[in-house]
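Going down the list, the protein sequences come from chains X and S. Our numbering applies: residue 1240 is where the first sequence begins, and numbers increase by one. Our numbering applies: residue 19 is where the second sequence begins, and numbers increase by one.
Keep in mind the hints are simulated off the structure, nothing from the lab. A couple of the hints might just be wrong.
Taking lysine-lysine pairs in the BS3-like style, the calculated list, with each CA pair at most 27 Å apart, reads [said to hold, decoys possible]: (1) S/K455 with X/K1347; (2) X/K1339 with S/K446; (3) X/K1262 with X/K1308; (4) X/K1431 with X/K1296; (5) S/K422 with X/K1349; (6) X/K1390 with S/K455; (7) X/K1339 with S/K455; (8) X/K1367 with X/K1308; (9) S/K422 with X/K1308.
Chain X is faced by these chain S residues, among others (derived, beta-carbon under 10 Å) [unchecked claim]: (10) F85; (11) N86; (12) D393; (13) C397; (14) H399; (15) V403; (16) D407; (17) R417; (18) G418; (19) G431.
These stretches of chain X come out as covered by chain S in the derived footprint (C-beta under 8 Å, 3 or more residues) [as the list claims (entries may be wrong)]: (20) 1356 to 1363; (21) 1452 to 1464.
Bear in mind that the values here come from a model prediction, so they are computed numbers and not experimental data. Cβ atoms here follow ideal geometry from the backbone N, Cα and C, with glycine treated the same way.
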Amino acid sequence: MLSIKNLFATIDGKEILKGIDLKVQPGEVHAIMGPNGSGKSTLASVLVGRDLVKVTKGEVTYKGVDLLKLSPEERSLAGIFLGFQYPIEIPGVSMVNFMKTAVNEHRKTKGLDPLSAGDFLKMMRERKNLVEIDSALTNRSVNEGFSGGEKKKNEIFQMAMLEPELSILDETDSGLDIDALKIVANGVNRLKTSKNATIVITHYQRLLDYIIPDKVHVLYNGKIVKSGGKELALELEEKGYEWIKKEIN
Amino acid sequence: MKELSIHREEKFDFAHLFNYSEKINGNISPYLKDVRLAAADSFSKTGFPGKEDEKYEYLSVESLFEFNYNYRFIPEIIHFNIKHVFNCDIPTLKTHMIFLLNGFYYGGAQQLSELPGGIIYGSMMKAMEDKPDIFRQYFSRSTEMGNDGLVNLNTALARDGFFIYVPDNTVLDKPIQVVNLILTNKELMIQPRNLVILGENAHIKLVICDHALSKKKSFTNSVTETFVGQNSRYDFTLIQNEHNDSSHINYHFINQEKGSRVDTNSISLHGGIIRNNHYVKLNGKGSENYSNGLYLTDKDQTIDNFIFVDHAFSNCRSEQLYKGVLDDRANGTFSGRILVRRDAQLTEAFQRNNNILLTEEARMNTKPQLEIYADDVKCSHGATVGQIDEEAMFYLQSRGISEKNARLMMMYGFAHEVINRIHIDALKDGIAELVYKRLRGELAKCDNCAIISS
Ligand SMILES: Nc1ncnc2c1ncn2[C@@H]1O[C@H](COP(=O)(O)OP(=O)(O)OP(=O)(O)O)[C@@H](O)[C@H]1O
Ligand SMILES: [Mg+2]
């Protein structure tokens, strides 16, 4: 479904990604771990088309098409979703209006009519329950005044609304309390099918107790330096990154 | 304006105009005659404000007059069906509606209407004749009026406009709506003059809609005086929706007594040149004023908001929130002067002006001025001129929303803060809709008004 080959990318002329290779098949869960500043969020940015990051080499295909040629909105409509590490506050733009517009854009792409106001509200209610997000939050402006944890839950709520095929969750677990972590993981698991795939970027093995990964990758200095099964996460938790750094050097 | 013609197309200069005006003063009180004469006199000495006047730093008043407008002391008789040219854009808003056509009261023989509680509303001209005592007490009594040439020009020459009188202890639920229509086949200058008086413990809501229905060039120089008595409330909303060939200079003098509260919302949707002069005098302890403005401009339009809030007594509160979006080559100015006098202790005064420029060519001058002579006050002001937040745009786009719609949502979200301060729900929703259409570029005029081409 997703294939990244020898990907190089820069921010402000500085090389951040230095040859990434990754293949994700439908139904799989991949975890990407790695020290701060290693390029995890940058990789996510490339996949959703943030123009701050310039791809200098390599290719990315998604469901057979050249992903890098698509605009951010086209990628979303093609089924890609990013749960942002730092969701932005947008004062004045209401959650309801935002989600209604987004959902209807997705429906249009699928050749479906826009949802009626009633059906839309019903859908909102259902999906809110899935992530146990406080009802009042969706009556506010996008992320405005949300706590750190609420923002993260809101990302999963949006994911539930848009039903993506490839979800990239960038440290969705950071800032969540233990109960919220379970709720979010539970939400992700319930949205999982044999057709969609998830990439979870995380620092903590704990999340992977709930969302069981098929593969774990370590990103270090712009490269995937080690891949393995879920036991790799346990090993990292125990030993930190030093042994990997040593192994490379 | 090098020449002015009145209803017989005769040509006049200002001196002639004042003479003519005096001759046809009609049945008005000696007080009004004196006020007009004094204003004409004062104008003859000062002329209109020039570039040296700090208040008009960014707007050339003189250039507005470099054109042959027609000018009338009595209304032109125009045969038309108002229903064919005007349908209110906000049909869900139920109001007591009156019309001014080219600055003159339009509505048949009943020139002043009375509502339960003794509220009187209607024609200014008629009220001048019928209520000399009220005029003696209020007309042209706002401070700061006398030293502005354009106000003097209006005082000297204006004949009609709207008049509202609300006795003590009177509350009117349904808003009064004044629709200003410009309908002409000649270039026209008009000078409406309006007076609103609220007694004590009164509450009314007023909605003003400015529409230019003809494509002809027009120039409006309007003056409104508002007096709000002790513990009264006044909600005022102005919707300016004219066209690129209209120029509109508008003065609103708001005088507030002890414990009163005034909320104003000025929504500028369209107009070639708009200058709003908004004067607030907090003239009694514990009075509150909330002035909000939203302006959406494009092409070569000019929007200039001048605000002066005078904290003359203690324990008063004022807030201004003005926000604007400027597209193409639009040009905007915001000057907000807050004066806190020495005795105005425990004043709270807050001002904010935020602007979004959509192009490199759009310009915005923002000039907050705080002048504080009291020591125990809480005051702040802030102004921003910026672009749409690209990070927020990306967030919206990453959910499948097109760039165009994301931009629209961002602009609407920006404007929303002002719209949200309108207290009348039907009006708030109606204006939200109009703003949305305006931002989408779909609103060349208020929707239901047919443009009459000459
Ligand atoms: N907007 C930016 N401008 C300049 N440099 C940036 C920008 N965003 C990221 N970088 C740099 O790119 C590198 C990789 O950052 P990235 O956010 O991808 O790391 P990360 O692996 O997600 O780290 P973390 O675990 O802390 O989230 C860092 O050195 C960072 O400083
Ligand atoms: Mg990161």
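Status of each hint after checking the structure:
1. Restraint check: the Cα-Cα separation between S/K455 and X/K1347 comes to about 22 Å, which is no more than 27 Å; the hinted pair holds.
2. Taking the CA atoms of X/K1339 and S/K446, the gap is near 21 Å; set against the 27 Å cutoff, the hint holds.
3. Distance check on the hinted pair: X/K1262 and X/K1308 sit about 19 Å apart at the alpha-carbon level, within 27 Å; holds.
4. A hinted pair counts as satisfied when its Cα atoms are at most 27 Å apart, and X/K1431 with X/K1296 does not qualify at roughly 32 Å.
5. A distance of roughly 20 Å separates the Cα atoms of S/K422 and X/K1349; the hinted pair therefore holds under the 27 Å criterion.
6. Between X/K1390 and S/K455 the alpha-carbon distance is near 31 Å, which puts this suggested pair outside the 27 Å criterion.
7. For the hint linking X/K1339 to S/K455, the alpha-carbon distance of about 18 Å falls within 27 Å, and the restraint holds.
8. Between X/K1367 and X/K1308 the CA atoms are separated by roughly 34 Å; this puts the pair beyond 27 Å, and the hint is violated.
9. Of the supplied pair hints, the one linking S/K422 and X/K1308 holds, its CA atoms being roughly 19 Å apart against a limit of 27 Å.
10. Of the supplied interface hints, the one on S/F85 is violated, with its beta-carbon coming no nearer than about 40 Å to a beta-carbon of chain X, more than 10 Å.
11. Checking S/N86 against chain X: minimum C-beta separation of about 45 Å lies over 10 Å; hint violated.
12. Taken as an interface hint, S/D393 does not check out: its beta carbon lies about 34 Å from the nearest beta carbon of chain X, beyond 10 Å.
13. Interface hint at S/C397: violated, since its Cβ lies 24 Å from the closest Cβ of chain X, which is beyond the 10 Å cut-off.
14. Using the Cβ-Cβ criterion of 10 Å, the hint placing S/H399 at the interface with chain X is not satisfied: the shortest such distance is roughly 19 Å.
15. The restraint placing S/V403 at the interface with chain X is violated, with a minimum CB-CB distance near 17 Å, outside the 10 Å limit.
16. For S/D407, the interface hint holds, since its Cβ comes within 10 Å of a Cβ in chain X; the closest pair sits about 8 Å apart.
17. Nearest Cβ of chain X to the Cβ of S/R417: about 4 Å, under the 10 Å cut. The hint holds.
18. At a threshold of 10 Å, the smallest CB-CB gap from S/G418 to chain X is about 4 Å, leaving the interface hint in force.
19. The beta carbon of S/G431 is positioned within 10 Å of a beta carbon in chain X (closest approach about 3 Å), and the interface hint is therefore held.
20. With 0 residues carrying a beta carbon less than 8 Å from a beta carbon of chain S, the region 1356 to 1363 of chain X misses the three-residue requirement, and the given coverage is violated.
21. Interface restraint, the region 1452 to 1464 of chain X with chain S: violated (0 residues with C-beta to C-beta distance below 8 Å; minimum three).
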